[in-house]
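Undergrad: Kindly produce the complete structure, drawing on both the sequences and the hints.
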Amino acid sequence: MKPASFEYVRPETLNDAVRALDHDDAKIIAGGQSLVPMMNFRLVQPERLVDINRIEALTPIVQTDSGVRVGALTRHVEAECHPLLKEHFPIISEAMACVAHVAIRNRGTIAGSLCHADPSAEWPLLLIVLNGEIEILGGAGSRMVTPNEFFLAPLMTEIAETELVTGVHFPLPPFSCGMAFEEVSWRAGDFAVVAAAALVSIKRDRFAEVRLALGGVFDTPVRATALEEGLVGQSANLDEIEAVVSLAAKDLEPNDDPHASAGYRLSLVPVLARRVLARALERAAS
Amino acid sequence: MNGMTHVTVTINNERHDVKVEPRMLAADFLRDELGLTGTHVGCEHGVCGACTILLNGASVRSCLLLAIQLDGAEIQTVEGLGGVREMHRIQAAFREHHALQCGFCTPGFLMTVHDILGRLPLRSDEEIRDALSGNICRCTGYDHIVKAVRSLVTERDKVTNQ
Ligand SMILES: Cc1cc2nc3c(=O)[nH]c(=O)nc-3n(C[C@H](O)[C@H](O)[C@H](O)COP(=O)(O)OP(=O)(O)OC[C@H]3O[C@@H](n4cnc5c(N)ncnc54)[C@H](O)[C@@H]3O)c2cc1C
Ligand code: FES
Ligand code: FES
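Protein sequences, first through last, are from chains P and G. Quick note, my numbering runs 89 ahead of the 1-based positions in the first sequence. Quick note, my numbering runs 14 ahead of the 1-based positions in the second sequence.
Just so you know, these hints were derived from the structure itself, not from any lab. You may find that some hints are simply not true.
[Stated by the list, open to error] Below, a list of computed lysine to aspartate or glutamate pairs in the DMTMM-like style, where the Cα atoms sit at most 25 Å apart:
hint, chain 1, residue 1, chain 2, residue 2
1, G, Lys33, P, Asp154
2, P, Lys175, G, Asp129
3, P, Lys175, P, Asp154
4, P, Lys116, P, Glu136
[To be verified] Beta-carbon label-pair distances, calculated as ranges:
hint, chain 1, residue 1, chain 2, residue 2, range
5, P, Arg293, G, Thr168, 26 to 36 Å
6, G, Arg143, P, Ser350, 24 to 34 Å
7, P, Ala374, G, Pro135, 22 to 32 Å
8, G, Arg133, P, Glu371, 22 to 32 Å
9, P, Arg293, G, His102, 36 to 46 Å
10, P, Arg276, G, Phe118, 17 to 27 Å
C-beta atoms are modelled at their ideal positions from N, C-alpha and C, and glycine is treated no differently.
TA: As structure tokens, this is what we get:
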């Protein structure tokens with residue numbers, strides 16, 4: 090239960106980080122809260138560990154013309170408490186409270202969680218429901234990637250080994266909008282069995298925009314597009330939510346695993362969908 | 015940096031200049047190199063909380079941290095809280111409320127409580143249990159630990175409300 094030997098480098102600038110990654114079998118360490126367990130088990134044995142914790146360019150959370158840019162090294166606890174994020178995206182704080190435990194939230198980072206790409210993790214779900222985009226830097230320069238492009242399979246993303254995530258952009262949400270997050274997990278801090286995140290906006294008493302994202306039910310977090318389409322344009326009330334809620338599980342084929350059966354996961358989907366949509370609606374209306 | 019690398023770290027207010035191998039975990043460094051065996055190691059993958067220490071004031075898992083990452087940091091371990099003669103009030107509350115039996119989990123709980131007491135409201139027992147959810151105890155059934163923390167919260171809020 091100890092990591093195998095590796096070479097350790099600690100760049101202080103983005104340029105140095107990109108240079109350090111241009112090496113066979115180099116791996117980034119951010120919070121280390123997913124990587125170090127895997128290194129302790131020797132499931133991962135990088136030749137070179139690139140510690141990005143001293144790169145100041147990766148830390149700020151700033152308002153931009155179109156939304157908020159969150160630096161890659163933002164710790165879960167910082168995201169949970171940050172005034173700018175609380176103001177525009179209160180769902181982030183709501184979801185962060187469910188990520189692991191205090192000591193892990195003190196270290197774990199947004200980019201680490203996105204790159205780890207656990208299908209039950211909260212950050213990938215938030216990225217999808219908030220229409221966020223990932224900023225990636227490599228030798229060839231910087232590029233922006235949508236979550237659909239980024240998440241490929243459990244623990245697999247589109248980022249190359251020679252690249253790093255530098256930040257995440259969250260566009261401002263629509264007007265008159267409400268958001269809500271909820272998950273079912275066996276114990277506080279465990280990974281979710283199923284997690285759901287909703288964002289709704291209302292215009293003239295009708296649903297103008299509806300986003301429902303689900304985690305733990307597929308290889309990657311997914312949007313419940315059938316339900317979303319069924320709700321847009323309808324009167325903004327609980328009856329309309331009830332009428333479409335069974336669509337949330339349409340086309341989903343979750344897997345059985347030691348944590349929960351596929352059937353149990355599927356049965357949680359409408360329950361959580363109903364709850365988060367109702368709460369998001371209530372918040373949009375108030 | 016493959017071989018031994020120089021690290022300067024302050025642990026319980028004492029400065030250490032040492033050389034470590036990059037792959038050495040902070041938990042092993044504290045225990046095996048410095049003899050600070052109060053920090054316990056249970057699972058080595060972040061689940062049990064026995065190895066919790068304070069890194070620049072915030073609770074972290076020392077089994078998920080490399081010793082080399084401690085460079086420039088201020089660390090506090092259970093040894094820095096207090097000893098048998100002069101107990102920290104968190105330790106005293108644990109003793110008073112019988113919040114330990116075998117004691118294996120206790121150092122991790124004490125460091126976690128140090129962190130959460132400083133920044134969470136902890137208004138209800140449910141909030142206390144939630145904040146302690148990252149620490150596993152096989153003996154006490156948690157009830158007495160919650161009682162100890164409740165007493166510390168009451169004491170804290172009395173002082174700040176005055
Ligand atoms: C007991 C326990 C319970 C947990 N429970 C939950 C939970 O309920 N929900 C949840 O979401 N997570 C949970 N986690 C995981 C935690 O949230 C991690 O913090 C997170 O998954 C990874 O973030 P990190 O910064 O620690 O990344 P690291 O562990 O440092 O890295 C993870 C991966 O991402 C890569 N990486 C990191 N940063 C970058 C970057 N900037 N660019 C490119 N690649 C990068 C690394 O190379 C590595 O492959 C739990 C962890 C533990 C130990
Ligand atoms: S030994 Fe570190 S959390 Fe269990
Ligand atoms: S007192 Fe024995 S494990 Fe907690």
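Undergrad: Kindly indicate which numbered hints from before are broken by the structure, ordering the numbers from low to high.
TA: Violated hints (numbers, rising): 1, 5 and 9; every other hint is consistent with the structure.
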